[in-house]
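Based on these hints, arrange chains B, C and D on the given structure of chain A.
Chains as they are written, first to last, in the numbering used here: chain A, 1 to 280; chain B, 1 to 196; chain C, 1 to 378; chain D, 1 to 452.
The set of hints was computed from the structure by calculation and includes no laboratory data.
Just so you know, even glycine gets a beta-carbon here, dropped at the ideal spot from N, CA and C.
Treat the hints with care, as some may be off.
Calculated from the model, a selection of chain D residues having no Cβ within reach of chain C, i.e. all distances over 10 Å [as the list claims (entries may be wrong)]:
(1) V30
(2) A50
(3) G72
(4) E85
(5) E91
(6) V92
(7) L101
(8) G202
(9) I212
(10) D216
(11) Y345
(12) G398
(13) D410
(14) P422
(15) R442
List time: in silico BS3-like cross-link candidates among lysine-lysine, alpha-carbon distance up to 30 Å [what the hints assert, rightly or not]:
(16) D:K231 <-> D:K56
(17) C:K222 <-> A:K272
(18) D:K49 <-> A:K203
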Amino acid sequence: MSGLIVSALVMGVLALVLGTAIGIFVKFFKVKSDPRVELVLELLPGANCGGCGCAGCADFAKAVASGKLQPNRCPVSSREQVNAIAFALGVDPGEGFARRAVVCCSGDKYQTQMRKFYNGAIDCAAANMIGGGPKGCRYGCIGMGNCAHACPFGAIEVINSLAVVHQELCVGCGKCVTACPRGVIKLVPANSSAHVYCNSPEKGATKRSLCHGGCIGCGKCERAYPDQFTKTGFLASVNYEAEKLPGAEEIEAIKCPTGALASEAGHYESEKNAGKGENK
Amino acid sequence: MKYLELTVGAVLVYNFVLSRFLGICPFLGVSKRVSTAMGMSGAVVFVMTLASAITAAIYRYLLHFTLGGVTYDLGFLQVLLFILVIAALVQIIEIVLQKLSPALYQALGIYLPLITTNCAVLGVATLNAKANYSVLDATIFGCFSGVGFALAILLFSSLREKLELATPPKAFEGTPIALVTAGILAMAFCGFAGLC
Amino acid sequence: MSLFSDKKEKTGLRLPDAKHLVLSSSPHLSSSADEGRIMLYVIVSLLPAVAAGIWFFGAPALRVILYSLVFCIGAEALWCFLAGKPVWRTIGDCSAAVTGLLLALNLPPGVPFYVPLIGAVLAIWLGKQIYGGLGNNPFNPVLVGRVGLLIALPALMTTWSPARGMESAEYPQHAVFGMAEPSATVTHATPEAKECDLVTCATPLGVASTSVAAPGKYRFEKVDNSAMWKEYFIGRQGGCIGETCAPALLLGGILLVLFNLINWRVPLYFAGTVGVLTAIIHYFAPQMTPTPVFHLLTGGLLLGAIFMATDMVTSPISGTGCVIFAIGCGIITTVIRIWGNYPEGVSFSILFMNALVPLIDRWFVKRPFGYTRRRKEV
Amino acid sequence: MNKSSRKVMSFTGGIHPVSAGKKLTNTHAVHTAPLLERYTVLVQENAGKAPEVIIKPGDKVLKYQLLAKASGFVSANLHSPTSGEVAGIIEVPGPMGVPALAIDIRSDGEDRETDPFEPIPDWRSAEPQLLLDRVADAGLVGMGGASFPTRVKLTIPPGKKVDTLILNGAECEPYLSADHRLMLESPCRVLEGAAIIGHILGIDKIYIGIEINKHDAIAELERFSEDYGIKIIPLQVQYPQGSEKQLIHAIVNRVVPPGGLPADVGCVVQNVGTAAAVSDAVTLGIPLVERIVTVSGKVLKDPGNWKLRIGTPVIKAIEFCGGVTDEPSKLILGGPMMGFAQNSYEVPISKNTSGVLLFSRRRALNYRSGSCIRCGRCVQGCPMGLCTCLLATAIEGGRIDLAEQNHVMDCLECGSCAYVCPAHRPLVQTLRLAKAEIRRQRAAAAKANSGK
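Pulled out of the complex, with its shape left as it was, chain A reads as follows (with noise of 0.2 Å):
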């Protein structure tokens, strides 16, 4: 019976005295935190990639429950994760933010005349630095994959010298719109589904000595669907502001002559297949 006692005195007064001593260091060292910040960050995905715009989810979980960004910022996270957060919060989710990268290029070794022998570090930025990399066009894609590196979800693939979004994997952080040298990849909104895969400006003529699958300005698509698509200078684009974003019919009528406009799926497509029929 007393061992009873005097085990559990033992372990009583021992604890008193850690206690004491904790609230102690409490007191002098406490440091004040939001713990609304851990909240958000516990909601947020914490891919780190920065495609809100800060240095990272702790940084972001830091503005969001300052009140500095709305939730919906993060293009990682679901609408619902959003929505958990901005309920989390008692803020307002904020509208529709959602965004996808594509690489406005169609110029793959196929189509596009590798023209430059080029010899050094296998990287596109160091390869824009030497007279532009093996490709003909000082536009489009280098073919490098400094943006496939860049993804920190995978969802960037150089399929013949060319890089191709994948758009189920593609959350919209926009790292490899900054990886990129030469700002061939665009954020669109995530509910389009055509683009014009050509980035170049220069003449029709000229584009098309370079490379068989750039836009030469034909107007075919503007004269088809005046609202949807617009045409400067040699260069046609997908008015991503229209009411009703161009989709596989309209690209079906428009038939475009090099191919430059195409849905993501048929661009995915003909770069998988590309020059199959060249090997047989």
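Then chains B, C and D, alone, in the frame of chain A:
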């Protein structure tokens, strides 16, 4: 000479991480950068030294004592008491660190509170008890066990920082290659066998 | 009169199309150095030691060397094949051949074929390829193989056979190395030898670590005297294939320095540290350790100092770093030899110091031009 | 004069590239190129801001007439290389690999000159400011490679004091011998130019550093140098001896601080070619429209040194040398260590083109992206004492911060590391990439700071 044996034994021969395989969790967890590894090892050295001192004292004077002619043997409380002490120590470190070095606190993350359940810390306390070291011996042993941990994690983190730049096959990137490296490191430490 | 030159005939102009000109960053010239050639030079420098090994240990040594070479190159080829790397180009850089040769030199003669096989797999796969191949490995692959074998197969790795000449009547000591006296000869030269599996002997370091002092006598007198030193220097001692013959190793070292492949400081400081430390300890406590001459000439010190500690990939970059690395190796070797369980500590010490290389590289970088230690205010 | 007893200066690090390349041209006297039908003069010849074009297509111009006017402090005038008609302002392949604007001048074959400037033969009594203005008006830029406007280099920033002028006659790049021939054939122009620069800066300590493989040039200059009070310093044959920081260290044993300019240690460094141009501009009143260019390479039929006018397309320079005997795979403007590979024959010669080199596939360095074996040769060879291999590995692994900590910004891009690398790794390119990235980051940070 006894202390030399104690220290060399704790640091090299019976290195906590690479020979006894204790404390692997933070060894793998916070060894991505040398700076955080150094912060962690500082915390571990501190906790191990203090925990060794306090637990040795508790073990010697609190768990076996005679009161009013009755001898009490509270050995069954050993683990319970040790964890209590270690937990309190870690709590204090956490509070202090959060105030003094928020960056390190952030970098250590979950591994800091996890020192509580770090088998290295509890291990050193139990080993002390088993060897029935005096309080001084236990403190020295605890401290140098911590130094051994620090040495291992310092070497390991610098290697990992270098490996980060290497190009291993995809399947071995990250933790697998780190574990292989830790294995080879342990092999190198085998050579110290028998020093004391 | 027109000054134009364009009317001139364009003769002899066979310029390629401008788009076939190669674009690259500067510089556009290179020295003749080449990775494959470096490894080839290393192999050339290893040849004296290989030849000495075969001379002293005969056919079993040759067998081990061939096994090791084949297995190392095979392991490399298999990995590259499985990993989808270019097989021939990887083998073409000769690094696997160097690893194979060095591994063989680090094995006792007469080990069964699976020892070099396991060693090769450990060295090439675990030591090198798993890290991404040549240049990425933090540990010397050969040592990963050897230490792995030493830990896993201690008995096989410490069964030594006597070197040529040790069975002759002039050899100063037979009994201490566990060999029969020449009068009752059982050597590999006689028919009886064929009946036994293996003729074994002990290494000087092994004998030294187990020798007991007779009262009033120098503990190591049997193995540590000038007559024995001469034998050790020539290479008439038990040991790994490549570690016994000092002249061959020194010649290899000189070749390496001449080829500008190693930092001469590393072997010098490594061996020097061992020599100085053992000299001090021997001076104050002669019963504790043999003389420095004994330490320098026996075991794998020379092989390790000249060929393994100097491995470019796993030693520090800067000169200061190399010196620290070598001194560290020397200290740890001495400590393990004198106090440790293992009679030999060269492999362990280099492996341990390999782990320190990233830290040495970080802390002892060369000061760039223009950075003064204390910025002087002018 | 006993040369062997003289102390030969040098620096630590660096490499000893093959010396055979120089022999192709260094005994060939400079030829003057015949007049061409067409010159495409790059608008931006200088580092800094492009000058403002003041002529229109269709204008008739005379030789030495001003084509473009400096548009700021760091900018330089541009003069016509011959008389003729301006056909237009067109885009031509530029020396940096990107198309550049150029003035297309159709020569009228008469090569009529204007006299843009009054010669100042007694410059010793002239005002330094007058001479400095002349240097600026004549459109002088550094002819060693960077083509920094000479006026900027000769205007000492306030608070700095210079006491030493160093002329760079090292010409450490393999293959090039343009400066060598210049010093050998017109030593007095070089010395006079040096003396004029010294007069502008108010300096009487003037050195000319020359690598000892040009002993004939050293002897030639020494014949006259005492008249000008100039000291000739023989330097060891070692690349990059002609780099400003290394040259200053070798000659006056001063160390330019990281990120600093020669003026920080009281020095001004000028190329010998620039000095000769200064002499022409001041004593003859001629602006800079031509320069000596080494046209070399084993594949050329007849390599040599040519006096070429700016705007001469490279193809013409190759033609002057009789074309090629073997198929070249690389065309380089500048030296083989720091020059730029070209992919067009239409690139015009500019004020800083010291060489036109054609390399066959065998001679040109073929980069591979193998991994580093840490042999440390690049570290030994780096004149700045950088651990190049560690830097490159870090950059390839995406750790630009690590590279920045280890002073990647001090890299000269001299190419010593890539020259000696046995794995033929594109080290310079990798380091250059990191430098560009760090500069971008710093600019972004500065912008963010100023915005706050």
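Results of checking the hints against the structure:
{"no.": "1", "hint": "V30", "verdict": "17 Å, holds"}
{"no.": "2", "hint": "A50", "verdict": "24 Å, holds"}
{"no.": "3", "hint": "G72", "verdict": "29 Å, holds"}
{"no.": "4", "hint": "E85", "verdict": "15 Å, holds"}
{"no.": "5", "hint": "E91", "verdict": "16 Å, holds"}
{"no.": "6", "hint": "V92", "verdict": "13 Å, holds"}
{"no.": "7", "hint": "L101", "verdict": "20 Å, holds"}
{"no.": "8", "hint": "G202", "verdict": "20 Å, holds"}
{"no.": "9", "hint": "I212", "verdict": "21 Å, holds"}
{"no.": "10", "hint": "D216", "verdict": "24 Å, holds"}
{"no.": "11", "hint": "Y345", "verdict": "5 Å, violated"}
{"no.": "12", "hint": "G398", "verdict": "15 Å, holds"}
{"no.": "13", "hint": "D410", "verdict": "5 Å, violated"}
{"no.": "14", "hint": "P422", "verdict": "4 Å, violated"}
{"no.": "15", "hint": "R442", "verdict": "19 Å, holds"}
{"no.": "16", "hint": "D:K231 <-> D:K56", "verdict": "47 Å, violated"}
{"no.": "17", "hint": "C:K222 <-> A:K272", "verdict": "77 Å, violated"}
{"no.": "18", "hint": "D:K49 <-> A:K203", "verdict": "28 Å, holds"}
Violated hints, in rising order: 11, 13, 14, 16, 17; the structure is consistent with all others.
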